[in-house]
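Under full-length UniProt numbering, the first residue of the sequence shown is numbered 1, with each subsequent residue one higher.
Hints should not be assumed to be uniformly reliable.
Capping the alpha-carbon separation at 30 Å, the derived lysine-lysine pairs in DSS-like fashion look like this [to be verified]: (1) K225 with K295; (2) K224 with K260; (3) K224 with K295; (4) K295 with K260; (5) K225 with K260.
Just so you know, the hints here were simulated from the structure itself, not pulled from any lab data.
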Amino acid sequence: MVAVRPFRSGDEVTLVAAWNRSMPADPTTSRWFGDRVLLDANFDPEGLRVAVDGDEVVGCAYAVRRLIPLAPGTGLEPDAGWIPFFFVVPEHRGGGLGRRLVGETVAFLEGLGRTTVDFSSYTPNYVLPGVDAELYPGAYRLLGELGFRTLYSPVAMDRTLVGYQAPPEVHGLLREREREGYVFRSPTVGELPELIRFAAGAFNPDWGEAIRQHRDPERVVIAKKDRIEGFALYGAYRGTPERFGPFGVDPGRRGTGLGKILLHLTMTRMRAEGLHSSWFLWTGEATPAGQLYTKAGYEVTRQFHVMRRSA
Numbered sequence: 001m002v003a004v005r006p007f008r009s010g011d012e013v014t015l016v017a018a019w020n021r022s023m024p025a026d027p028t029t030s031r032w033f034g035d036r037v038l039l040d041a042n043f044d045p046e047g048l049r050v051a052v053d054g055d056e057v058v059g060c061a062y063a064v065r066r067l068i069p070l071a072p073g074t075g076l077e078p079d080a081g082w083i084p085f086f087f088v089v090p091e092h093r094g095g096g097l098g099r100r101l102v103g104e105t106v107a108f109l110e111g112l113g114r115t116t117v118d119f120s121s122y123t124p125n126y127v128l129p130g131v132d133a134e135l136y137p138g139a140y141r142l143l144g145e146l147g148f149r150t151l152y153s154p155v156a157m158d159r160t161l162v163g164y165q166a167p168p169e170v171h172g173l174l175r176e177r178e179r180e181g182y183v184f185r186s187p188t189v190g191e192l193p194e195l196i197r198f199a200a201g202a203f204n205p206d207w208g209e210a211i212r213q214h215r216d217p218e219r220v221v222i223a224k225k226d227r228i229e230g231f232a233l234y235g236a237y238r239g240t241p242e243r244f245g246p247f248g249v250d251p252g253r254r255g256t257g258l259g260k261i262l263l264h265l266t267m268t269r270m271r272a273e274g275l276h277s278s279w280f281l282w283t284g285e286a287t288p289a290g291q292l293y294t295k296a297g298y299e300v301t302r303q304f305h306v307m308r309r310s311a
């Protein structure tokens with residue numbers, strides 16, 4: 001008999017094993033699960049619903065809401081809740097267990113006054129940007145049946161760095177901007193607070209926190225004239241050096257080639273480290289950033305659907 005209950009200490013061993021059987025395209029480890037779920041400051045065991053058959057976890061769904069702000073100056077988003085992941089092992093599918101697990105996480109969040117529930121754009125510890133309908137069609141279908149609607153559909157992209165060289169036009173752009181007074185280099189320690197404020201204010205508080213916690217200025221490139229107007233970095237998430245981003249240019253300075261310069265300078269540094277690829281999880285394919293990546297040789301590897309249920 002399968003029972004559904006809150007997470008208990010000791011569940012993590014069979015939970016990780018069940019995860020890896022259920023989502024083979026996105027395996028996890030005990031260390032990652034501990035760091036990103038159990039030790040998340042917003043973790044509440046009541047929101048981590050596990051389905052158990054005897055002593056074995058056979059399914060899981062995770063609901064989370066903010067108990068502490070994402071970053072200085074941000075609030076608790078009292079109307080918002082998230083479901084970063086759910087799964088059911090193959091042999092227990094088809095009997096409504098996934099519907100029950102997701103339903104209980106939605107009820108948990110709505111019982112706490114959350115009027116929107118998103119799958120799965122919780123920051124900083126989301127697993128994937130959204131549901132991959134190609135790899136997990138049953139999950140995508142279930143979310144739709146439970147009232148979740150697609151907000152947008154970001155793509156993951158990557159490109160090989162084997163044999164990479166910055167194209168000649170990038171060197172020309174670099175010289176033009178340098179003649180105008182721009183510098184492109186790693187930030188000094190004294191510039192990091194400015195960079196964090198710029199990333200958080202112009203783009204996303206999560207980006208500011210990624211830079212704050214990065215601890216490796218040599219993997220950061222800024223574009224600066226009188227002030228910082230753009231940045232790019234790698235190795236910021238989960239300590240994965242080949243993961244590119246975050247990356248941004250002041251909206252008022254777009255179209256000047258700053259983004260192209262930053263992207264290629266960063267890839268040059270990545271190649272100099274001996275990295276063989278550059279990849280990221282989230283961009284809009286038709287956005288200016290998506291078009292820039294495509295022109296730089298990146299290709300779409302996956303598409304995700306960020307979905308929302310509103311009370």
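Checked hints:
For the given pair, K225 sits about 26 Å from K295 by alpha-carbon distance, which is consistent with the 30 Å threshold. With a C-alpha separation of about 15 Å, the suggested pair K224 and K260 falls inside the 30 Å cut-off, and the hint holds. Distance hint between K224 and K295 is fulfilled; the C-alpha atoms sit about 24 Å from each other, no more than 30 Å. A threshold of 30 Å between alpha carbons decides the hint, and for K295 with K260 the separation of about 10 Å falls inside it, so the pair holds.
Taking the CA atoms of K225 and K260, the gap is near 16 Å; set against the 30 Å cutoff, the hint holds.
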